Amino acid sequence: MCLAVPGKVVSIDHRADPRTGLIDFGGVRKQACLEYLPDVRVGEYVIVHVGFALQRLDEESARASLELFEQLGLLDEEFGDAWEQAARQESGSEAR
Amino acid sequence: MKYIDEFNDPALARRLLDEIHATVTRPWALMEVCGGQTHSIIRHGIDQLLPEQVELIHGPGCPVCVTPLDVIDKALEIAARPEVIFCSFGDMLRVPGTDRDLFRVKGEGGDVRVVYSPLDALELARKHPDRQVVFFAIGFETTAPANAMAVHQARRLGVDNFSLLVSHVRVPPAMEAIMTAPECRVQGFLAAGHVCSVMGTTEYPELAERHRVPVVVTGFEPLDILEGIRRAVHQLERGEYRVENAYPRAVRERGNPAALRMLEDVFEVTDRNWRGIGRIPASGWRLSEAYRAHDAEIRFDVTGIRTEEPAVCRAGEVLQGLIKPTECEAFGTACTPRTPLGATMVSSEGACAAYHLYRRMTDGPAPKGSRIPQEELNSVG
Amino acid sequence: MADLAAEAAVDPANWTCPAPLRDQPVVVMGHGGGGALSAELIEQIFAPAYGNPTLAALTDSAVLGLGGARLAFSTDSYVVRPLFFPGGSVGDLAVNGTVNDLAMSGARPAYLSIAFVLEEGVALDVVGRVARAVGAAAEAAGVVIATGDTKVVESGHGDGVYVTTAGVGLVPDGVDIRPQRARPGDAVIVSGPIGLHGVAVMSVREGLEFGVEIVSDTAPLADLVAAMLAVTNDIHVLRDPTRGGLGASLNEIARASGTGVRLRERAIPVPDEVANACGFLGLDPLYVANEGRLVAFVPPPHAEAVLAAMRAHPRGEGAVIIGECVEDHPGMVVVATGLGGTRVVDLPLGEQLPRIC
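Protein chains in written order, with full-length UniProt numbering: chain A, 1 to 96; chain B, 1 to 381; chain C, 1 to 357.
Mixed in with the good hints, there may be bad ones.
As the list claims (entries may be wrong) - A partial selection of chain C residues facing chain A, derived with a Cβ cut-off under 7 angstroms:
1. Leu208
2. Gly282
3. Asp284
Just so you know, these hints were derived from the structure itself, not from any lab.
The structure displayed is predicted, hence computed values, not measured ones.
Glycine included, C-beta positions come from ideal geometry on N, C-alpha and C.
With the hints as constraints, model all of the structure from the sequences given.
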């Protein structure tokens with residue numbers, strides 16, 4: 001259902017009906033309808049599906065997710081989690 | 001930040017996988033709702049990297065798989081008419097109806113065209129005022145705003161020769177139907193991220209609460225999928241059942257308000273048949289009264305077409321992880337990828353088709369950790 | 001082709017999402033896509049009508065004994081829309097395609113025939129441009145256009161210009177290159193980045209623009225093949241992955257030889273623009289057409305030397321080993337993904353279509 005790809009708004013044509021913008025998908029450019037993101041600005045990233053920008057991508061959230069992934073193993077090592085450790089001992093090597 | 005490469009990083013994938021392996025202590029059955037997620041899982045071989053205890057059940061979120069047979073037959077009927085230019089996403093051209101597909105209609109002289117966007121179809125209608133241009137409006141909540149905009153523009157601009165054959169489906173009622181099935185095995189959901197980009201997440205807390213099932217809104221890149229699985233397993237191991245958003249960069253709680261307003265205007269909720277599953281109440285959209293004049297079913301008088309699905313097909317049970325594909329009497333005999341009887345054999349990512357392919361590769365049972373329901377693990381949980 | 005036919009008849013499990021009806025009573029576009037439907041057309045219609053051991057060899061060009069020499073012989077028709085695309089035209093394809101089909105037998109291409117089907121109303125200027133492209137490509141490939149023909153069809157009965165070429169060339173002694181010869185252990189080498197031709201043509205059709213210009217890779221490969229054969233005659237298989245892309249070619253080789261193919265995803269050279277355009281349209285670069293690339297199966301002792309010779313040649317600068325031929329899963333192509341999983345690369349059914357799902 002959901003082949004939607006992130007792209008960067010390169011330009012916006014405010015006179016187009018419906019309002020459209022040129023979106024750059026990593027070097028590939030294509031027009032998309034911006035009507036559903038009325039306040040989107042040039043330079044922002046949006047997620048595009050069948051020629052429509054459906055949502056803007058939030059850079060801060062993306063960075064927070066990646067930082068969380070970076071921390072995963074480390075958090076465990078440093079602080080441990082009593083509940084998880086107990087669970088692990090219980091299950092032995094099964095959980096690898 | 002490019003939002004793609006960063007979420008494909010193998011080292012971070014390893015961290016997420018290690019965390020999942022370290023967290024899981026018991027078998028859990030998770031359903032990834034969206035076909036796009038299934039695609040990503042298979043494309044990257046993610047299912048093979050998970051602990052044995054984590055089973056992924058492929059959900060019904062593929063319009064190709066679930067668009068019912070009678071709608072396909074209606075499309076074929078309309079597309080064959082000489083005055084019609086029939087426009088569709090590429091996905092639907094090979095989907096078999098009762099006795100043919102859109103490719104065949106095209107081969108027999110029908111004017112069938114693949115478009116990238118419904119607005120391309122609207123443009124064709126404006127270029128060919130002497131022809132009837134019909135757009136095959138299939139898909140979930142992700143695709144509905146685009147199709148809604150096309151018909152909204154058609155009405156506003158008076159493009160009377162443009163109509164939609166609508167077969168829109170909505171995800172939450174399908175999730176509800178899956179959870180209320182008597183032998184439901186799904187213990188956690190990876191909810192469809194792009195559906196939530198449009199709709200938000202407000203439909204899910206009630207579902208999670210009622211069925212005591214974790215719902216994790218999940219994206220589509222490998223790290224997104226792994227994070228969705230990690231969070232779902234984490235909840236399950238702790239006996240929790242909450243809605244979590246593991247795709248925050250693209251999903252806001254309230255969705256996309258402008259798109260939701262358009263959907264409200266153009267569509268109204270209706271019951272729909274799902275191929276391989278059956279009728280699900282309030283699980284679809286049809287054009288609202290104001291747009292009925294652009295309804296291709298009425299315009300071409302095909303509302304009477306009714307087609308029954310083959311009774312032998314047990315795709316519904318497979319979709320819910322209740323049976324292994326090989327336990328179906330028709331598997332590999334009456335039902336093959338060449339002659340599919342149901343949704344799960346139609347899509348190459350459907351469980352039956354996947355099983356068929358893997359069996360060919362290994363010349364035996366599916367390999368460990370493949371995308372096959374691991375019913376062996378069903379004794380617990 | 002008998003091998004492919006037998007495989008397909010025993011196990012028809014080749015489809016893309018969604019699985020299609022394959023018992024079509026009429027010709028559909030997929031019959032020309034170079035995938036399973038094309039194979040079925042040959043198996044069910046052509047082979048019964050005029051099949052013979054030569055035709056059954058499933059090579060890009062037939063190798064024939066004639067007057068003591070070994071002659072490679074091949075023909076191909078070229079229908080492309082648009083006629084002119086970034087990096088070339090139907091004229092370039094018509095010459096390079098047939099030259100490459102001959103080269104995939106190890107032959108040195110020598111003579112080509114050319115036949116035009118022109119549509120009434122097409123500007124002579126367009127015909128002139130195509131003809132000049134043919135001339136230039138023939139010169140670049142070192143072949144002579146030895147004979148030709150022209151027909152005209154009524155307006156509306158053709159797509160402007162269709163071109164058919166046939167070609168002959170001599171196969172050197174000691175060279176035996178065909179898909180059946182793939183053996184477990186062979187290195188699988190691709191001569192450069194994939195997907196450029198298909199994406200260049202599609203970009204025109206789908207209205208895509210590129211930050212960097214994407215041009216077709218159309219090019220003659222006979223010289224590159226000669227450079228490879230200068231290292232060793234013992235090259236097992238050569239194939240130019242045109243329609244159906246690398247995925248279709250490797251499946252055909254796996255089936256013809258009864259071996260498996262295992263690729264490393266991260267080794268496969270896919271340019272960023274191709275990957276992004278494919279991601280955007282929902283296509284798999286492995287199934288996108290190339291017109292100036294080859295894939296080679298080379299036994300291990302020669303693999304590094306052949307690879308070095310390819311890299312030293314302008315048409316093979318980007319050559320890399322992308323995987324190997326294996327005993328496991330005979331007839332199937334499997335990719336080890338970047339994350340460490342695996343997936344099956346099946347024979348595509350017909351042409352790829354942009355998808356939303």
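Using Cβ atoms only, decide whether Gly282(C) comes closer than 7 angstroms to chain A, and label the hint accordingly. 5 angstroms, holds
Chain A contact restraint for Asp284(C) - C-beta distance below 7 angstroms: 12 angstroms, violated
Any CB of chain A closer than 7 angstroms to the CB of Leu208(C)? 6 angstroms, holds
The earlier numbered hint that this structure contradicts is number 3, and it is the only one.
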